[in-house]
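K.L.:
These are the residues of each chain, in order.
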Amino acid sequence: MPTFSTVRAALLPLGFLLLAAGACTDLNETVYDEITDTNFKPGEKDLGSLVAPAYRVLADMYMGWYGIVDVAQEEPADVLVTPERVNGWWDGGVYYRQHTHSWTLNSYTFSHTWGDCFSSINDVNRVIYQIESGTIPVTNDSARAGILAELRALRAYDYSLLLDDFRNVSIVTDFTAKDLPKQNTAQEVYDFVVTELTAVIPGLSKEAGVAMYGRMNRWAAEAILARVYLNADVYVGTPAYDKVIPLTQDIIDGGKYALDPSYRTPFSVAAGPLDGGQSHEVIWAVPYDHVYLPVSNFHMKTLKPELRYVFNMDAQPWGGSAGNPQFVDSYDPDDHRKQDTWLMGSHFTADAQFGYDFTDTIPQFRGPNAFRLGFPVWKYEIYSGETGSSDVDYPIVRYAEVLMMQAEALLRTGQADAAAALVTQVRQRAFAATNPAKATVTGAALMQGSTYLYGWYDTDGIVKTGPGGTPVTATTGGAFGGADIQYGRFLDELGWEFAVEGHRRQDLIRFGVFSTKAWFNHAADADTHWRIYPIPQSAIDANPNLKQNPGY
Amino acid sequence: MNRAVVVSLLALLPLEWARAQDVGTVAGAVTDKMTGAALVGAEVSIGAATRLSAVTGADGRFLIAGVPTGETTARARHIGYATVALSVTVVSGQTATADFQLQAQAVELEGLVVVGYGTQRREDITGAVGSVTAKDFVQTPPRDIASLVAGKIAGLVVNTPSGDPAAGTEVLLRGFGTLNASTSPLVLVDGVPGDLKTVAPQDVASIDVLKDASAAAIYGSRASNGVILITTKRQDSDRPVLRYDSYTSIQSIYKMPAFLTAADVERLAADSFKTPAGNTFTDLGYATDWRRVVMRGTPISHNQNLSILGGTSGATNYIASLTYQNDDGIFQKSNNRAVTGRVNIGHSMYGGKLTADLNMVTGWEKRFDGVDFNYMWRQATIRNPTDRIYDAAGNYQVRGTYFYTNPIQMLNTYGGDFESRDLRLHGTLRFRPVDPLSLSLLVGTDRGEWIRGTWRSLDNPDVPGINSASRSTSSNESQVLEATGTYTGAFGGHHVTLLGGYSYLDRLDEGFNANNNRFPTDLFGYSSLESGSGLPQGVAGMGSSKSSYRTIGFFGRLNWDWNDRFLAMLSLRYEGDSRFGAAHKWGVFPGVSLGWRLSKESFVPAVFSDLKLRAGYGVTGIAPSNPYLSLTTYAYQLPDGTTFNFPVGGQWVPGLVPVRNANPDLRWEKKAEYNVGVDFSLFDYRMAGTLDLYRRDTRDMLYNYNVPVPPYLYNSILANVGHMRNEGVEASLTYDVARGTKFRWQASANWSTNRNRLLSLSNDVYQADECFETGYTGEPIQTSTHRVCIGGPIGDFYGYKSVDISNTGEWIVLDSLGNRIPITQATAKDRRVLGNGVPKHYVAFNNSVRWGNLDLTVNMRGAFGFQILNFGRLYYENLNNTQYNMLRSALDPVYGKHVLDYPLVYVSYYIEDGDYWKVDNATLGYTFARLPAFLSGTVQRARIYLAGRNLLTISGYKGMDPEVRTVTGTDLNPGTDHRDQYPTTRVFTLGFNLTF
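Protein sequences appear in the order of chains L and P.
In the numbering used here, each residue's number is its place in the first sequence (first place is 1) plus 183.
In the numbering used here, each residue's number is its place in the second sequence (first place is 1) plus 111.
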């Protein structure tokens, strides 16, 4: 048996433990390098930092990897293709599925738009909540009204993108709501966007200079609302072309913007007011910057590896996307926009060691296609010392679109000649140096079909009814040719003016071409459910309230 | 299989029941030779063949009745003391006296197992513990301490998948138990957290691995991946000793893949050979063996270790050692140099009542770190062998091809180095106020830091004309406190050891980095970062970080045995961690195990020297790897450098974004494990073996779930949801083939198998898909390689099953219904499981032979029942891209029919059986019995040896080495043999040990 002293000694460690325990059982975390809810009390000076992320996602969405401009809006359409190359670019078939309209339910090509838009929406809701609840004290009433209007306009813009891509999404405006959001219908989302924009436009800043650069001012909001009205028939089955005209007219009458003399100015490094302010055409842009916002990499996706030496770049481009030869062939030869948009011909270093002689043929989507096949995109300025992140700002809306939206609304409401005057105005700079007379179009011309030779682009470079089929002409009809497209000539004008600006999928759907015509290696498919992207499976998994879009 | 072996051995044994005969009694006392204090709990046993034994009580006395008459040997053993044997003559009906005086030893490791906060005799262990002492270590140059036990412990996988001298081993215990948390075991060096490189391998006395949760539970939320206990050498004699160990090794690439040579390309070009796609080969007119020019001729490595040990018995003892290691890799500039120093001073006072132990370990490691050797290996393999290194003007020959870099230019225009330093200081005070009670307090601090510098010169291949440099550093600091009390007592036949303790760990991590570019000269390297103009141009960068966490535990353990027959262990740890969410700051981790020493029972035949049944259950955890994961946090910049700037009013403003959702329920992954086992020794310990069966269930498994934004702030959340199960069998058997004094041969074998299944990944709140895809081919294929499904195992390859090739050279694959279709028609749903990258069986066979002064060890090991995705063939066995060099086999018909005419695509053709059997290492040594005259009297012992590592691999695998990586961080892509890698090597070593 243990002696008394043993027992007493045995108590020693217990006392020891209790002593230590009292001193050292604190498990609260000391946070040094992150901001938590408890150690951050935002003030008015933090507003910029809180609002910035809501805009910042636009940078990822547009010219970032798998951006809206190329993968989501151009690759399912008829202007741009990303065929397999000698260095790869099959990438698990992702571009092929975009091209052939056979995307899967979780493709990053569109799912990131979902995530980015809702992230922006949540940021907006949070800041609105913080301002309205007084968590962020904003003392100046007009500043408070202005920032709330701007945030609501940005949120409405996010919803306009979700409406265009997915239609049936959840409308969430209350930051404090904790339940999983319910799904809304396309009509509800459309009504929300229209109501919100209409409500906030009078309170938005009319400032067009550097102070509002990259942000939602009155003119940007009006242009976005006009764009939503222009597509109302597609979104909810009720045309609203008449509502496009006064909105666009207000922008024109505002006098803040004008067409730049050169087509390339809005796409130049010096376009934006942060970089020189040479453009007066850009109404709303994503302000890319290789230091502050190093995200834009579409130039890397379209330029070819050896062009780094030709253009003295600081990065080796990856070599994928090129113009669809059928589209490139549709330009008028005197249209300067062709050479302003595409990198054509021979481009070599002085010692002729590196470079390519580009040809306007791509035998087929599946490769390997040589780098010199197909024209890279030249529209966005390429400059010496360019890195993997371009400095060129992306114009979300430019004045030419305002004119063309009004023109289309006029055309579709029986005012073809008034429309033609606006189209002519936009065309003039494209023909000024070559054949100014060609700039003029008539109302009658705009009523005609398309000159785009729709059909299967066969390996020999001839447009046919299918692989090894018979050659098609403009008047072949059905899935082929373009003569039977209503207002097809106007669609062509949109293509030439806005090639690779991320408008084409929307335009093809609005003109009824998206699923009915064949181009390159995309066969016509009467199935119209591809006009809407599926709700990403990951979103449905995370929120059982969401039902998949029809057809998927 | 092994169960069957044991059962049949039992059946075959002759039954030798002890017959009734005249008996007497042996009684006596066991005392400490120096202090004269009674030793409690010492085991006294009689003879070799009897079952008679007793354990001393509180007064140190014992009594054994029923001892057969005649001359016999009594042995007394006690932990921490040398065993003493006495000859006793027993007379019928009388009591013979045997008093033992045991000599204390610092650590007597043979027969002792380190179990965490203490040691136990091997016979008393009731959990699954693998234990290897220095004499059984793998002897060839180790990468780290795990190398010492590669193939030695069933269930502990130690792979060496890289030839990079800076790379360590890959360690995995009992299969994949987690999806997201770390798979690294807890490594304790003399009881204090460390890693496998903390001390030099020469300083290690023993390595013990707590495999099952009953044994590991006392380490709570750090123990789920097993616990590796490293015990360093201590002075074990009075005599001052100086030891000098040295070795030198050379290495070479294990296997060179057969790519087209310059002559091949020249011939193909001359023949105007056209690939099916119409591409031709370009003969540039030169000949360069790119893979040889990036390699060193004969890389030589060496290692020097000097140790001094000494002291006065019972008062002060010391050990100090210094190790220098200099490794050169097979690639030019690739190296690793390390210095490890260790000083340990122990002091004993008041007749052993108070002991103090001061311990310092310091390490320094430095290596060239300027070139990504994995990617350089790719460039050396794909570069056209008819090209030249330098053009006519003496500049690097540059080609504009996509991702195609002159590897010599890489080697010469990139530089940098990495250096790490560690300092660990620990002091332990032990107080034994009365004999059965021992109190111990350990206080320590560990400081580690690394600093890295890299530079790129003007003529670099990536951004020609722009040089750059960077510097980054990281430091960590841990404070450790551990207080334990141990009480040992004996009551009648009962022996108990009671342990209680408190442990405290506080860790702080900090990091800093800066880079700049556009320097006026290349001369500075990274040494003058301010000189570059990238900073004023806004294209330089910097960053810093700081974080901390704290782990606090209370623990207790009871070890009990009754007459050495029935054994039990109960442990409990109550542990808290600051990284857990507010609602779960503390957790309970119980462990229980029971043992029955059947060899103490009369019905077990005496042929069993020892036989023990064990069963245990325990709960361990693994904490989330980073701090702050349970909190809502915002940041101006993500860890990957992404910023959220946007111009506001013409000024760029840094955006503040949410980066994490709050999860107050975040907690440890919880692993509950059952283990049953049997340990046996036969024929006077000539044969010994162990068999273990386990089932481990990981619940509350951490996984990142997609959540909708809104209402969440961020689109994913780390939550404890899933359930994974691992079941397996481990067996090991050791046999002394020959036990002579002149010739000894010990052979041992072990085998382990594991079955892994993911049982669930969803609950009411968080839902995951039935399956998720993982692993990645890289570009240009850009597809996932593996799939993990609920109900299935980790490691399934998932893709198209190729079965044939068309007469136009296109793959024929199986569709979802099993029909043969051209791959052009295959869709995602036609993919299927193509194999699994986790070996089902690991087998090792180790032999140790001594013949006179010669000794030979041969260690062999293998892995079976798994597949490897051979990326080398996937990328280079294809004629499509003649801009890159390719394997000669690209010219061979696929399936013996037709040359492939299809772009790179991931199909089952590139998945091969990975089964292998390796002669992992062999060592031949000679110990000088009689030293040359000039040495005798100074040198006590001398040994020289010759060793080889990775000597021979028997495998059908076509790649370089089938010992591929199983775990890559938290990626679940085992069996992936990447094309970008540092090839494995074969190493020959010549070394000697001198003891003065």
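These are calculated hints, taken from the structure and not from any lab test.
Possibly wrong hints are sitting among the right ones.
As a list, the in silico DSSO-like pairs of lysine-lysine whose alpha-carbon atoms are at most 27 Å apart [stated by the list, open to error]:
1. P:K657 - L:K224
2. L:K361 - L:K647
3. P:K308 - P:K657
4. P:K940 - P:K366
5. P:K781 - P:K951
6. P:K657 - P:K711
7. P:K657 - L:K228
8. L:K228 - L:K426
9. P:K246 - P:K853
10. P:K781 - P:K366
11. L:K361 - P:K940
12. L:K730 - P:K940
Computed from a predicted model, the values in this text were never measured in an experiment.
K.L.:
Evaluate each hint against the coordinates.
P.N.:
Taking the hints in turn, this is what the structure says about them:
no., hint, in the structure
1, P:K657 - L:K224, "21 Å, holds"
2, L:K361 - L:K647, "56 Å, violated"
3, P:K308 - P:K657, "24 Å, holds"
4, P:K940 - P:K366, "38 Å, violated"
5, P:K781 - P:K951, "24 Å, holds"
6, P:K657 - P:K711, "57 Å, violated"
7, P:K657 - L:K228, "26 Å, holds"
8, L:K228 - L:K426, "39 Å, violated"
9, P:K246 - P:K853, "18 Å, holds"
10, P:K781 - P:K366, "42 Å, violated"
11, L:K361 - P:K940, "36 Å, violated"
12, L:K730 - P:K940, "22 Å, holds"
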